[in-house]
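Chemist: Below, each chain spelled out in residue letters.
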Amino acid sequence: MYEILEKHTLTPITKLFRIKAELIARAARPGQFIILRVHEAGERIPLTIADYDSETGTITIVVQEVGATTRRLGALEEGEYILDLVGPLGNPIDIPEGGHIVGVGGGFGAAALLCFMRSATLRGDRTTTIVGARNKDLLLLVDELRIASRNLEICTDDGSTGFKGFVTERLKQMIDGDPPGRPDYIVAIGPMPMMRAVAETTRESEIPTLVSMDPIMVDGTGMCGGCRVTVGDTVKFACVDGPCFDAHQVDFDEAIRRTKTYLREQETACKRLETEGVIHAS
Amino acid sequence: MPERTPLDRVRDFFEVNEGYRLDHAAFEAERCLRCQDPVCIEGCPVNIPIPDFIHAIAAHNMPEAARLLRTANPLPAICGRVCPQEVQCEMLCHMTNRFRPVAIGALERFVADWERDQPVEQISGESTDKPARPARKEKVAVIGAGPAGLVCAGELARLGYSVTVYEGLHAPGGVLRYGIPEFRLPKDILDWEIDMLKRSGVEIVCNVIIGKTLTLDQLFDEFGFSAVFIGSGAGLPQFLGIPGENLNGVLSANEFLTRINLMRAYAFPESDTPLHLGKRVAVIGAGNTAMDAVRSSLRMGAEEGHIVYRRSEKEMTARIEEHHHAIEEGVQFHWLTNPIEILGDDEGWVTGLKCVRMELGEPDESGRARPIPIPDSEFVLPMDNVVLAVGTTPNPLLVKSAAGLETTPKGCFVAEETSGRTTRRRVYAGGDAVTGAATVILAAGAGKRAAEAIHADLNEDAGRED
Ligand code: FES
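Heads up: the sequence lines are chains D and Z, in that order.
Start counting the first sequence at 1; every next residue gets the next number (my numbering).
Start counting the second sequence at 1; every next residue gets the next number (my numbering).
Incorrect hints may have been included.
Said to hold, decoys possible - Just the calculated beta-carbon pair ranges, DEER-fashion: (1) Z/G301 to D/P96: 46 to 54 Å; (2) D/T268 to Z/S366: 38 to 46 Å; (3) Z/P382 to D/I13: 38 to 46 Å; (4) Z/K137 to D/R29: 31 to 39 Å.
Keep in mind the hints are simulated off the structure, nothing from the lab.
Here the structure is a predicted model, which is why all the values come from computation and not from measurement.
In this text, a Cβ means the ideal position worked out from N, Cα and C, and glycines have one as well.
For reference, chain D alone in the conformation it holds in the complex (with noise of 0.2 Å):
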């Protein structure tokens, strides 16, 4: 059991958590994941590590209530308690030092981006996040992220706070020249057709361009498979290979076609959720 410790609510349907998990904030680096279940008869379902302190012995984690589970955990409390949490899981990301470093967060993607571009802030590289969201309401850990990154751009689709558009313009942009100048690698973390957009739009400059894929996942310990995603022309799984990966290289036809496997199982249920009220059920 993993008492949570401290809950935000960062938007209507993105919740902040952090937790005591001893073992894993010290082994945790940036990039890296868990796996949590929320209650007895719960699923398995990973979850970026978005903060880790080793001194105080918790993560961070940030949750956007998109399916049963997900709900179930955006309804538990401080002082409350989560069943089951291991990892870290995965491997760090690995950014050779010395370069400038652009980060682009779509949506709670922001928040899987934190302590990556805060690590790379210490140890004195250049770095730069992108974050994008709808509107400004929508936006994730701006202040954080302004601390853990020398430069933060801002886009919205509308336009309420900073660069007008999508992150991957505003990529674009910077590739081509514009302050704060090129990058010499890209880390993104958000939705997959954002990720995808962004290997599209690094893909002809070559700029070294990681994607953090969240495939479905039972184990997270390379037992089961199901996360597995072709890059280049290997299968890889992404909870022991990856989850990183050559943004270039992966097939995100085949791994959006993959996410979309449960849909129906998910939408019942999200269905049972809500007509049986059944979220307290830790």
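Chain Z with the ligand: place on chain D using the hints.
Modeler: Just chain Z with the ligand, lined up with the frame of chain D:
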């Protein structure tokens, strides 16, 4: 042994075999010849004193039968259900020459089930109601709560060590939990066996992956363990590398079975983990895992369950009983049929399995006749799901994070067979992590031998005698 009729059992996950009653069991036990030279024992990887425990049943002395069994095999209720007795003890039984062999496996199960109904304090005459006080100062860590790890932990606890078992998943049992279905091994039996271990003082910590959450070095340096046993199994599923393997509706048998067994997809939406099955399910492979998968698919509501195997029935590696049960339940078998492509529709869902017919040629490296494709014999089996049960290899997570541990090209730990000693001092390994996917009882045997070796080595370190 009495079993439920195929029609009755094929739509639920309750156990197929019903087990003996005492009169049946005593009658069967009477058939044992009590041979001068009990060769059956040689066929048992943990050398259960077979004629002795069977004789005790015949004499209606159940406590003695249970004691004899449990001292040799810490997981009798499980092994009595899942061991391939027909190629072990029962194959060597002298009765086999003229009649059918004594049903050793069924009797083992009977004794273990009888024992489960007794008050725990009485079990095997050991006082198991309070954890034994650690008589030895050394602590031993066990990696993986599957059969090898559980048996090793149980033996070490019995020897007086304090033992901590680290399990990566959220529940202990390893393949007994995620792989073997309820209808062959009910989970309450597994839970009971694990409970017995905990009562004997074994501590089980779930949600810790050695190699990720903690390293092997940390176990020694920070946590102060004097020895570590690796029983991490062979959990990495293999795929065939044929086109269409990533279509929606293609799963490894590991994923398929884990969703059902560990995550209880059969109870969806009462449980949150789904499984999306169509009407026709093809399982590729013909081992026990393949049989478990195909029979589970029928219980999950599939109308047709198919086994597709490139070799012939003779080369099949499943237990005879599982094959037999699968036939009874209406599974369709396609022998000498090699899948070469999985076909899908525009949206990426499986529609069929393209195969080629095979014939048997000269024996290959495994000694089995090599299947050779028959030219121009391609055909398509219409399917909605394809499940791959074509083998597993050890998980590399641990090796990647630990120096000094040698592995074979196949990723198996290099370990002495008799002791489990690896290439690193005070690190031992056994079970599927060493042999590649094998049986529960072989893993149990390896766990037991490693516990003895750990005991001997730690005694040596401490300058003790016994
Ligand atoms: S999640 Fe099961 S192998 Fe990756």
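Chemist: Checking each numbered hint in turn, tell me which of them this model violates, lowest number first.
Modeler: none
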